[in-house]
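Colleague: With the hints as extra help, turn the sequences into a complete structure.
Sequence lines, in order, name chains Z and H.
Residues 1 to 195 in the numbering used here are what the first sequence spells out, letter by letter.
Residues 1 to 195 in the numbering used here are what the second sequence spells out, letter by letter.
No wet-lab data here; the hints were simulated from the structure.
Computed from a predicted model, the values in this text were never measured in an experiment.
Cross-link-like lysine-lysine pairs, in silico, DSSO-like; alpha carbons within 30 Å at most:
1) H:K191 <-> Z:K153
2) H:K191 <-> H:K153
3) Z:K191 <-> H:K153
4) Z:K22 <-> H:K36
5) H:K55 <-> Z:K36
6) H:K153 <-> Z:K153
7) H:K22 <-> H:K64
8) H:K22 <-> Z:K64
9) H:K55 <-> Z:K55
10) Z:K22 <-> H:K22
11) H:K22 <-> Z:K55
Below are the chains, spelled out letter by letter.
Protein chains: 2
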Amino acid sequence: MARKSGSHADITGPKVREAALKLFARDGYAAVSMRKIAAEVGVQAGALYLYTPDKQSLLYDLMKVHMEELLAAWAEADVNGTPPERLEAFARFHIHYHLDRPDNIFIAYMELRNLEPENFAEIEVLRRRYEQGLIDILEAGNASGDFAVPDPKLAAMAAISMLNGVTTWFRDEGRLSRETVETIYWDMLRKSVAA
Amino acid sequence: MARKSGSHADITGPKVREAALKLFARDGYAAVSMRKIAAEVGVQAGALYLYTPDKQSLLYDLMKVHMEELLAAWAEADVNGTPPERLEAFARFHIHYHLDRPDNIFIAYMELRNLEPENFAEIEVLRRRYEQGLIDILEAGNASGDFAVPDPKLAAMAAISMLNGVTTWFRDEGRLSRETVETIYWDMLRKSVAA
DNA sequence: GTCTATAACCCGATAGAC
DNA sequence: GTCTATCGGGTTATAGAC
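Modeller: Structure, rendered in structure tokens:
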């Protein structure tokens, strides 16, 4: 059966999500109207509601998918090895993954406050799961004597803050290559937790 | 001459700025209406325009005053000493200053995108001046042999990102004291740039 | 200096035509 | 599936009374 002419659900749906991600990241959730998202997609505002029940769900879905994909990607990238090896894998993975998805990390860290409470709680669980992965590595390194981290929870927060910062200033056309930046950050992180 | 009854310019003016800072930090610039600011102050929306030409100026002024006070406070807190001594002063100053003003740093880093271009450019100059202070310390440390920082500019960004992160999770009622947090962060920073 | 009222406009979300 | 039109309400900023 030929698809009905003018039916683009499988094209428009993803486009709505992409447009929302781009605009939320650029201007902030509260500053982006459904009309602006629609204009970016190339449809009228009313048509968006075929793909999302409301604006809040759009934000929530973007964050949830991002966090789930992040967790899955790290599970894939994690290595069997010594704590220093795993920490290097984490640092390089985190930078690499986020430099490829600057919009995602931007909304994941900046738009948490615009989630309604029950949505916030769900995303927070995923975020903490990711952080816990790093905490586990730091604790293993303390146990093995490779690291001297007085408070692994605090150190994990500090490390993630540092690594996240790269997305705020890195530009591909800039002075330094991704590989260089990745290596320098890893070197700083390595030294900061070393025994 | 007795002041005219109902004249509270010197009280209401600062209250408007305080209310705007509090609400911008809590809910985000775009999500805060002039009516909400007025309600927080205890006046009607129209009265705000006696103290600010518009909402944008309110944000710009808050950021500008914050950055100027930050620069002045660091100029005061900076020490004459070796690069490691100056770096410690910077780390402790930065954490201490920002933990005392969580709302200020929040808007200074999160609401940059809501500044109109010419305002953004002015704030950016001040922000870069502050960062340059740290870059200078790192370069001096490289020269003296105390530090081994391959790219002082990048390292400064990384360090500030790491230190800023503390404001997103630190709570006075929490597990760790300010002094403890300050010392652990300083220790990580010290090691991360050490020769 | 602050108020009320209002101009001019934008918002999220829905209804119904096609 | 997408459109136009619209409801009910919010927005910034201003005008004029007191």
